[in-house]
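*Asks:* Protein chains in written order, with this note's numbering: chain W, 144 to 256; chain A, 2 to 113.
These are computed hints drawn from the structure, not numbers from a lab.
Each hint should be verified, as a subset may be incorrect.
Said to hold, decoys possible - Short derived list, chain W residues pointing at chain A, Cβ under 10 Å:
1. 177
2. 232
3. 244
Unchecked claim - Straight-line distance between alpha carbons at most 25 Å, and here's what the computed DMTMM-like set of lysine to aspartate or glutamate pairs gives:
4. W:185 to W:227
5. W:185 to A:86
6. W:144 to A:60
7. W:185 to A:23
8. W:211 to W:146
All C-beta atoms in this analysis are idealised placements derived from N, C-alpha and C, irrespective of residue type, glycine included.
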Amino acid sequence: KQEVTQIPAALSVPEGENLVLNCSFTDSAIYNLQWFRQDPGKGLTSLLLIQSSQREQTSGRLNASLDKSSGRSTLYIAASQPGDSATYLCAVSASGGSYIPTFGRGTSLIVHP
Amino acid sequence: SQTIHQWPATLVQPVGSPLSLECTVEGTSNPNLYWYRQAAGRGLQLLFYSVGIGQISSEVPQNLSASRPQDRQFILSSKKLLLSDSGFYLCAWDRGYNQPQHFGDGTRLSIL
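So here's chain W without its partners, still in its complex pose (with noise of 0.2 Å):
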């Protein structure tokens, strides 16, 4: 059974900062890992999907990375804002079975000014 596992849990950091976020998970079979992000009481707004075959991607100040072989991804958030702050999530689909995706428990971003 596929496990997303999100370190840390929780993250504060001042404005301007450039940062990463973790998320590991323990079956390298997978379709893809994908990012979100979650605002209080919003749900999720999917960032970026990174396909098996694919190291990484970007969008604007997020570029997220694949290692398949190690089972890790990682977010990078260039130069943060406040208005970065908010929980990010990672799910990874897993191959073989149903692709439906399994989502870490995600990290808390503070940005502050």
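Fit chain A to the supplied structure of chain W, relying on the hints for placement.
*Replies:* For chain A alone, coordinates are given in the frame of chain W:
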């Protein structure tokens, strides 16, 4: 463009009462549809998913049920709510393999 609607946004119900939450998707056809529950400190739990009309798969045995009467409509129901059914319910859709998942804004359900 595609949009997903969930309602109501918040709901307060007494124990033992029935439940009906509705989710609809616009701008796409034959989506995969999902119901999740998010409880504090417990992450996102998949409840049901559907790959087509009338096709429902249940992930967690419970007193909840789901139905898909139309291609882009997904309904979560219960005949008698329990206190443990409190939580944040999220509907989502995707187009399948290697496609991103898109979520509604959720329903906050409180059971008294």
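*Asks:* If a hint holds in the structure, say so; if it does not, say that too.
*Replies:* Going down the list of hints, with the structure as the test:
Given the 10 Å rule on beta carbons, the hint for residue 177 of chain W holds: about 6 Å separates it from the nearest Cβ of chain A. Hint status for residue 232 of chain W: holds, given a least beta-carbon distance of 7 Å to chain A, under 10 Å. Hint status for residue 244 of chain W: holds, given a least beta-carbon distance of 6 Å to chain A, under 10 Å. Taking the CA atoms of residue 185 of chain W and residue 227 of chain W, the gap is near 15 Å; set against the 25 Å cutoff, the hint holds.
Distance check on the hinted pair: residue 185 of chain W and residue 86 of chain A sit about 19 Å apart at the alpha-carbon level, within 25 Å; holds. Using a Cα cut-off of 25 Å, the hinted pair residue 144 of chain W and residue 60 of chain A holds, with the two alpha carbons roughly 13 Å apart. For the hint pairing residue 185 of chain W with residue 23 of chain A, the CA-to-CA distance comes to about 16 Å; that is within 25 Å, so the pair holds. A threshold of 25 Å between alpha carbons decides the hint, and for residue 211 of chain W with residue 146 of chain W the separation of about 14 Å falls inside it, so the pair holds.
In summary, this structure violates none of the numbered hints.
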